[in-house]
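Number of protein chains: 2
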Amino acid sequence: MMDLGFLHPFFLGPKAENQEFFEQFLLEFLRDHAYWRKNFHPADGNVVPTSAPYRDHYLQFIAAMRKELQELSAELKNAAPFYSPRYIGHMNSDLLLPGVIAEFMTMMYNPNNVAGEAGPATVPRELEVGWQLARMFGYNTDPEMGTTAWGHLTSGGTIANYEGIWNFREVKFYPIALAEAAREMGFDFETVGPERRNLSTYSKWELVNFSVADTVELLAAAKQQITASGMKPNDVKRFKNTIDRETLVGLGGAAFFAKHQEIPPPKVIVPITAHYSWDKALKILGLGLNNLVLVKTDKKMRLRIDHFESLVAQFEQEQVPVLAAVGVLGTTEFSSIDPIDEMVEIREDAYDRGFYFGLHIDAAWGGYMCSLFRREETNQFCEREEVREDLRYFPSQETYDAFKAVADSDSITVDPHKLGYLPYPCGAFVARNMGVIDFISQKASYLYDIKDDRSHKSQIEKLINLGQFILEGSKPGCAAAAAYVTHRVVPLNKHHFGRLVKVTIKQCEYFYAKITALAAELEKKVLIKIPFFPETNIICFAVNVKGNDQLALMNFFGRRVFERLKINRFKPLQMKEFIGSYTSLVKGKISDELAEEVLGDLEINSETFVVDVVDQQREADHIFLFRHSLMSPWLLHRWEGRNYIDRYVDYLRELIEDELVKLSKSRPMEKKVPKADD
Amino acid sequence: MMDLGFLHPFFLGPKAENQEFFEQFLLEFLRDHAYWRKNFHPADGNVVPTSAPYRDHYLQFIAAMRKELQELSAELKNAAPFYSPRYIGHMNSDLLLPGVIAEFMTMMYNPNNVAGEAGPATVPRELEVGWQLARMFGYNTDPEMGTTAWGHLTSGGTIANYEGIWNFREVKFYPIALAEAAREMGFDFETVGPERRNLSTYSKWELVNFSVADTVELLAAAKQQITASGMKPNDVKRFKNTIDRETLVGLGGAAFFAKHQEIPPPKVIVPITAHYSWDKALKILGLGLNNLVLVKTDKKMRLRIDHFESLVAQFEQEQVPVLAAVGVLGTTEFSSIDPIDEMVEIREDAYDRGFYFGLHIDAAWGGYMCSLFRREETNQFCEREEVREDLRYFPSQETYDAFKAVADSDSITVDPHKLGYLPYPCGAFVARNMGVIDFISQKASYLYDIKDDRSHKSQIEKLINLGQFILEGSKPGCAAAAAYVTHRVVPLNKHHFGRLVKVTIKQCEYFYAKITALAAELEKKVLIKIPFFPETNIICFAVNVKGNDQLALMNFFGRRVFERLKINRFKPLQMKEFIGSYTSLVKGKISDELAEEVLGDLEINSETFVVDVVDQQREADHIFLFRHSLMSPWLLHRWEGRNYIDRYVDYLRELIEDELVKLSKSRPMEKKVPKADD
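Just so you know, the protein sequences line up as chains P and L, in that order.
Residues 1 to 678, numbered by our numbering, are exactly what the first sequence covers, in order.
Residues 1 to 678, numbered by our numbering, are exactly what the second sequence covers, in order.
To be clear, the hints were calculated from the coordinates, so they are not data collected in a lab.
There's no promise every hint is true.
Remember, identical chains collapse to one label, so a pair may be satisfied in a single copy or spanning two.
Claimed, not checked - Cross-link-like lysine-lysine pairs, in silico, DSS-like; alpha carbons within 30 Å at most:
1. Lys571 x Lys223
2. Lys259 x Lys204
3. Lys259 x Lys457
4. Lys546 x Lys566
5. Lys571 x Lys299
6. Lys232 x Lys589
7. Lys240 x Lys457
8. Lys524 x Lys457
9. Lys566 x Lys237
10. Lys77 x Lys38
11. Lys240 x Lys662
12. Lys571 x Lys204
13. Lys566 x Lys404
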């Protein structure tokens with residue numbers, strides 16, 4: 001058994017075990033803040049007189065405030081107890097204390113990270129968080145070693161996903177705008193692009209297949225060649241304005257593609273398991289949901305590489321640009337890991353043939369798992385055996401290869417407010433090539449700005465007015481402080497943060513074994529199946545009553561069992577033994593082959609899995625699954641000989657047995673069978 | 001003089017005067033939270049043993065954490081002291097205590113308002129905040145009275161602005177998609193749209209000029225007529241899919257406008273004073289910056305209605321759709337109030353002629369000023385005289401009329417983290433017609449869902465999975481709790497929140513008088529001019545040396561004076577007497593007529609105001625202005641006979657005199673004159 005001792009000071013604790021030092025820290029920094037106030041022009045005296053607290057209106061205000069706050073406090077206690085090891089539902093847990101304290105302390109100062117002036121301590125820390133994350137992913141952050149990465153925080157993964165697409169779009173269609181402007185100005189750029197030819201000699205199709213690095217270099221070459229040409233300042237300005245007008249952001253999608261009819265609007269390729277924010281991204285950015293292309297998944301809920309490859313081949317052949325392919329590192333429902341390495345390979349091969357697309361990793365959930373693969377001193381990627389220590393299955397060779405290839409992507413979404421154990425809101429976007437900022441900046445100074453000092457200090461100076469380079473505007477400096485302090489105290493490598501992550505994976509392996517054992521034990525009465533082998537730290541299973549072959553009944557039975565694992569805000573929380581979550585495999589969203597397999601294992605007639613339910617007694621449009629995110633790190637804590645997982649599985653057995661008894665006594669189908677989203 | 005007593009319990013206070021009860025509340029709710037934890041399955045025992053705090057690794061962790069936190073605390077103290085009445089810079093101030101305490105309390109529970117399951121107490125409160133704000137703006141929130149508003153929080157005003165445009169876009173182009181799908185299905189809708197004709201009889205130009213209300217009604221009629229027709233479920237589904245495919249979000253902008261070539265891509269009209277997030281909106285949403293149309297401003301930095309009207313007429317005549325016009329209620333640089341009432345009128349007239357556009361109010365800054373115009377019991381809009389009480393100029397008739405017309409807009413951006421005195425991040429988007437959500441929802445259930453219970457309770461149920469209806473995904477429940485509790489304790493009407501707002505405006509009137517007096521006093525040495533009469537609570541002024549007619553020197557002198565009003569992170573904060581901010585009127589962004597007038601008053605030769613600076617000794621591309629946001633409510637607090645504004649103006653006199661002496665001794669132009677953005 002793993003020693004969980006290292007975790008003792010990390011969290012407030014399920015029983016608020018660390019309350020004492022938490023209080024102590026909060027008071028220390030609260031008072032520190034208060035004395036800061038008192039020490040700024042002390043002679044000014046008080047604006048709130050010392051007599052104020054004895055006045056009626058003051059006391060009434062305090063009383064009214066207390067009433068509202070107590071009501072809020074009471075209602076908050078009906079929420080799910082994320083801090084408890086008995087909460088094994090969604091991707092929530094107790095929070096890392098360094099983050100909570102830093103967040104609270106900083107909130108009192110209330111910095112705004114939209115610009116350095118409003119967040120002088122926290123904007124540089126936010127950029128440093130970007131580099132901390134980038135290093136964990138294997139992106140280069142050392143200016144001496146060439147192109148560096150950059151990253152920043154967002155309100156969440158959804159915004160980070162939008163930024164991925166937005167960045168790719170502005171970079172991808174820039175060469176066309178530059179070529180257009182150059183033609184208009186009667187100027188040409190020499191030995192640029194992947195083939196080192198004059199810009200004017202590239203076809204539009206070639207121009208939309210420049211890589212991110214090609215385009216960043218193209219811009220640098222353009223600056224240099226314009227400067228070298230001795231062009232007059234007014235002409236440089238006219239050049240710049242022409243480019244701005246001709247870009248996709250200038251013209252808008254409609255006018256841009258109307259002007260360049262040879263180039264159809266671009267596609268974005270994601271696995272069917274991708275989060276719904278990808279739908280939103282295509283809609284909101286005006287790219288069109290019809291241009292979102294879904295890739296089928298395999299038996300481990302990983303993107304099917306053969307299908308991906310054939311889609312790439314198809315678009316290449318049809319000369320349809322692909323803006324981006326998205327690999328998911330830890331799907332939110334199953335925590336499955338897409339084959340990033342194979343996606344990288346296909347991407348590289350395509351680029352060699354002159355067909356390029358960006359590769360974005362949606363690691364909102366799984367991003368922090370990368371810490372488990374990094375050595376402390378050198379930040380080197382670990383050997384598989386090093387990672388595997390103490391674990392049974394993780395990482396499979398496929399998973400290992402996928403994690404290793406993360407460094408070859410162009411950009412990454414990661415949510416410190418998920419597996420980073422930090423408070424909301426804390427998402428992040430990280431890009432491998434900092435050069436992209438010149439294409440999205442609100443102040444397009446790029447044709448003038450030819451100085452090239454790339455130290456972190458000068459990078460911070462360049463990015464200090466952060467709102468110019470990101471989707472959002474005003475943003476909380478306290479989130480940056482929380483992430484920064486946490487990453488300093490619990491560094492993102494296998495010896496620190498990685499150990500915490502490892503505990504969650506270890507728990508999942510144990511959980512898998514226990515559920516498998518329960519399945520064997522109950523095999524005469526029910527079929528318990530784990531449809532997708534849990535690669536990391538989320539596990540799903542389905543329960544069918546032995547002898548039943550109708551999906552509607554299986555779902556009904558599952559929901560009845562689940563009823564007691566679900567928060568009910570009208571009943572005291574204390575009545576709950578454990579809290580879980582569920583997910584649904586929806587007809588049409590899962591491939592027929594895969595559904596057939598899953599249902600086959602459960603001895604369900606796959607004909608009862610339908611798009612349009614006609615016979616509610618038999619059919620359903622979804623497959624109900626129990627789902628557990630094993631994020632609480634205390635699940636293997638044992639007392640009286642049993643840990644939380646043992647106890648949960650015992651409880652589950654009890655629930656199943658109970659419902660079997662009830663089922664045998666009733667005709668459950670008399671009730672309305674709920675639909676996927678109820 | 002106003003009595004500031006009512007403010008005594010509102011804030012922690014510039015000298016942390018309310019530290020005692022702040023500590024007391026924080027500890028109360030921290031402990032309340034801790035005991036909640038202890039009371040969930042108490043028998044489970046501790047996972048952190050009581051011996052843990054005596055172990056080495058535990059103590060090392062605490063020590064490392066303290067080091068990082070202390071470093072953070074130290075750096076935070078170099079930031080601007082937002083809480084102090086000596087801070088009269090940007091739009092920052094001390095925070096309302098109910099909000100800070102609610103935020104802190106809720107953060108410990110860490111709810112996620114993406115969905116009710118993750119934020120059962122805070123999602124309903126967030127929607128309630130939307131209605132609180134809507135009521136303040138005069139939108140209907142009573143289901144009995146017809147169409148109701150809805151609103152929600154965002155990470156900031158930037159995101160809220162994007163949502164405004166996004167909502168308008170999806171609604172505006174929906175009728176075309178519906179008509180297209182109906183044609184394909186061989187179905188027609190009867191007596192719909194502004195002219196109550198069959199849908200098939202409308203031209204595309206007419207279809208893009210349906211109002212928001214028309215389109216919401218159209219959708220309701222479509223549902224009803226499809227249901228009444230007895231169409232088969234499969235056909236209904238096919239119909240629905242066809243609509244989805246044909247919408248702008250389905251096709252994407254490029255394919256949509258390629259298909260409907262009669263309709264050019266739409267314009268968005270904003271005043272030149274609009275925040276740069278509007279540029280970002282057009283870029284990110286793929287609409288194209290070239291389609292952002294800027295309206296000139298008048299001598300009060302208000303949108304010039306004649307120019308606006310002529311633009312509207314032009315687009316109508318050219319048959320170019322206008323997605324939205326944006327009026328700014330409190331520009332971020334000058335706090336000027338656009339003539340919303342006249343914009344409404346022009347919009348209504350245009351609609352009567354068959355030309356429609358949405359009207360969005362960017363009230364990020366000024367939104368909370370609306371509280372000053374609402375009566376307590378009835379929420380009625382006050383008479384001008386009621387608002388004016390205690391004030392000298394505010395509200396001018398124009399300003400009053402503008403505020404009154406806010407209720408006639410379609411949607412509003414407001415930032416509780418600005419004039420709402422709440423911590424970051426807390427922006428908000430409010431829409432007058434809740435029907436818009438059917439056009440932006442991620443689950444397009446609209447053709448089925450014909451139940452029409454519109455009580456708030458059922459509206460909360462409908463919106464409980466909030467992430468389906470907004471731009472963001474995961475979002476902090478603590479921000480919702482902070483805004484909700486604050487609005488409950490300090491309600492949004494003239495007797496509560498309005499009083500706080502009034503203090504800020506009163507301060508500005510006093511400030512105006514003092515600066516005017518200073519200008520008279522120093523008129524032989526310098527010209528001090530207030531270029532734009534301060535309508536609300538931000539004031540700008542320029543200082544020129546008497547006898548100088550060159551802009552470069554004026555700017556240089558202003559910057560030298562300002563140097564001592566600026567935070568310098570390498571010097572102790574305590575050395576600062578006052579902290580201000582500045583802004584620049586940039587050549588090309590301000591109209592030539594207006595610039596001529598402003599410079600004339602300052603006796604500057606307007607030929608020295610140029611786009612491309614050649615002679616740095618004389619010319620500049622911007623006009624430097626001192627800018628003060630008077631958000632701290634303590635500026636009129638007086639001791640030893642003088643208040644903070646008196647003291648600031650005295651200090652300013654001193655700075656000016658000092659710099660005049662220095663100037664007379666040197667040739668300042670030997671130094672490099674800085675540019676607008678230095």
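Which hints from the list above does the structure break, by number from lowest to highest? 1, 3, 5, 8, 9, 11, 12 and 13
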